[in-house]
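Asker: Here are the chains, one letter per residue:
There are 2 protein chains.
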Amino acid sequence: MIKKSSIAFKKSYEYIRDQILNGELPRGTKLIEEKLAEEIGVSRTPVRESIRRLEQEGLIQQKRVVNPSETDLRNLFQVRILLEGFAARSAAQFLREEDLGELRECVRIGRSGNAEEIMTANERFHDLIVQSTHNPFMIDTIARMHSIIYLFRKTVVYHKRPFLIDEHEQICQAIAEHQGELAERLMQEHLQADLEFCIHLLK
Amino acid sequence: MIKKSSIAFKKSYEYIRDQILNGELPRGTKLIEEKLAEEIGVSRTPVRESIRRLEQEGLIQQKRVVNPSETDLRNLFQVRILLEGFAARSAAQFLREEDLGELRECVRIGRSGNAEEIMTANERFHDLIVQSTHNPFMIDTIARMHSIIYLFRKTVVYHKRPFLIDEHEQICQAIAEHQGELAERLMQEHLQADLEFCIHLLK
DNA sequence: AATATTAATTTTGTATACAAAATATTTAAA
DNA sequence: TTTAAATATTTTGTATACAAAATTAATATT
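For the protein sequence lines, the chains are C and P, in the order given. Last residue of the first sequence? That's 203 in the UniProt record's numbering, and every number before it is there in order. Last residue of the second sequence? That's 203 in the UniProt record's numbering, and every number before it is there in order.
Treat the hints with care, since some could be wrong.
Any copy, or any two copies together, can satisfy a pair, since identical chains are not distinguished.
Below, simulated BS3-like cross-link-like pairs (lysine-lysine); rule was C-alpha separation at most 30 Å, straight line [unchecked claim]: (1) Lys10 x Lys203; (2) Lys10 x Lys160; (3) Lys160 x Lys203; (4) Lys160 x Lys11; (5) Lys11 x Lys203; (6) Lys203 x Lys30; (7) Lys160 x Lys35.
It should be emphasised that the hints constitute simulated quantities derived from the structure, not laboratory data. This structure is a prediction, so every number in the text was calculated from the model and none was measured.
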């Protein structure tokens with residue numbers, strides 16, 4: 001089957017999404033179709049579609065860049081903890097040897113890399129575990145949450161959370177030893193700590 | 001804050017969604033913007049938007065009415081079981097007395113009502129439990145799954161699944177007695193049975 | 001000065017036109 | 001009769017116009 005290009009839509013979707021994710025469009029900003037269209041160099045139609053799409057993905061709410069409250073974050077993490085906890089348990093059972101190697105590599109980079117590298121490694125760590133479920137529906141649901149969580153990534157990178165990498169290492173080990181229950185619990189605690197850290201920064 | 005109407009969009013969105021859910025647009029059908037627009041009596045623009053929305057909600061995939069495979073259903077239910085299982089546990093802790101009454105009423109109707117009433121009561125049963133989480137994000141995620149699952153509701157109603165109401169009753173009782181762990185396990189088993197029944201019918 | 005009304009402006013929702021892309025159909029070649 | 005190429009048709013993507021709705025600014029009234 002042939003892929004369709006939709007270049008104007010792609011361009012505007014990626015532009016707006018990236019502007020939101022890297023903070024150039026701060027949380028709470030009102031998005032105006034015509035302004036964006038002119039800025040991007042396309043008509044309103046694809047911009048409109050992009051906004052709607054991002055609305056469905058949770059990055060935009062009522063034409064504004066989403067601005068999650070503490071409660072919103074807690075709700076989000078309640079679901080995230082359930083799903084990624086399951087994923088960790090699943091990884092302990094199904095993760096392939098080569099992926100386990102990459103998981104360890106992520107931990108290593110977490111200790112020795114620069115800010116940019118650490119951020120990428122952290123994302124990769126969680127992604128490897130989520131992918132191990134081989135459940136596209138679950139992967140998609142989790143990805144949707146991450147796009148909101150990533151709104152905070154700059155803030156979180158500046159204030160490095162203590163023990164983050166240690167926790168990753170523990171999870172990694174539990175997975176390597178096929179201890180599903182333990183991996184699940186450790187992941188839950190890990191994410192809970194992430195949440196509290198996020199909320200702490202929010203104030 | 002003032003609600004906006006968007007009458008053409010609302011009209012076309014609801015029209016298309018309902019046509020899909022009640023089977024008048026069978027699974028796999030290709031949707032053509034212009035045909036639908038004329039049928040509904042609006043222009044292509046709101047129809048387009050409706051299709052995109054329904055695509056995000058999972059009822060449409062690549063311009064066609066979604067047609068889930070057995071694997072798709074299993075993946076979907078894996079997530080559903082996690083989330084609704086959690087919701088049942090949560091209900092055992094937090095469900096208000098009046099909602100428990102309604103839950104019991106759903107069980108009663110499940111035994112004595114006609115097909116239409118039973119269907120509504122079943123939906124309500126699950127909804128009450130899901131709502132007890134008071135987590136809009138979780139509620140929304142689950143709702144999204146239900147819209148796909150409801151594609152099968154006609155088929156499922158014709159072939160009444162045995163023990164369905166008994167299981168509801170057991171869950172209801174566990175919740176009433178604040179036995180969270182039990183309620184969670186019963187809900188998981190209940191949904192697993194639902195899944196197997198769905199898949200059995202699919203063939 | 002604060003509040004309510006009205007008017008001006010911005011922004012969005014919808015319809016429409018047209019070109020690009022995808023699909024279906026016909027014709028030609030093996 | 002099958003396969004390939006060319007053509008015609010349908011369908012989608014994008015731009016644009018215009019009216020409805022929402023927002024903002026200005027005016028009048030207390």
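Asker: For this structure, which hints from the list above don't hold up?
Answerer: 1, 2, 4, 5 and 7
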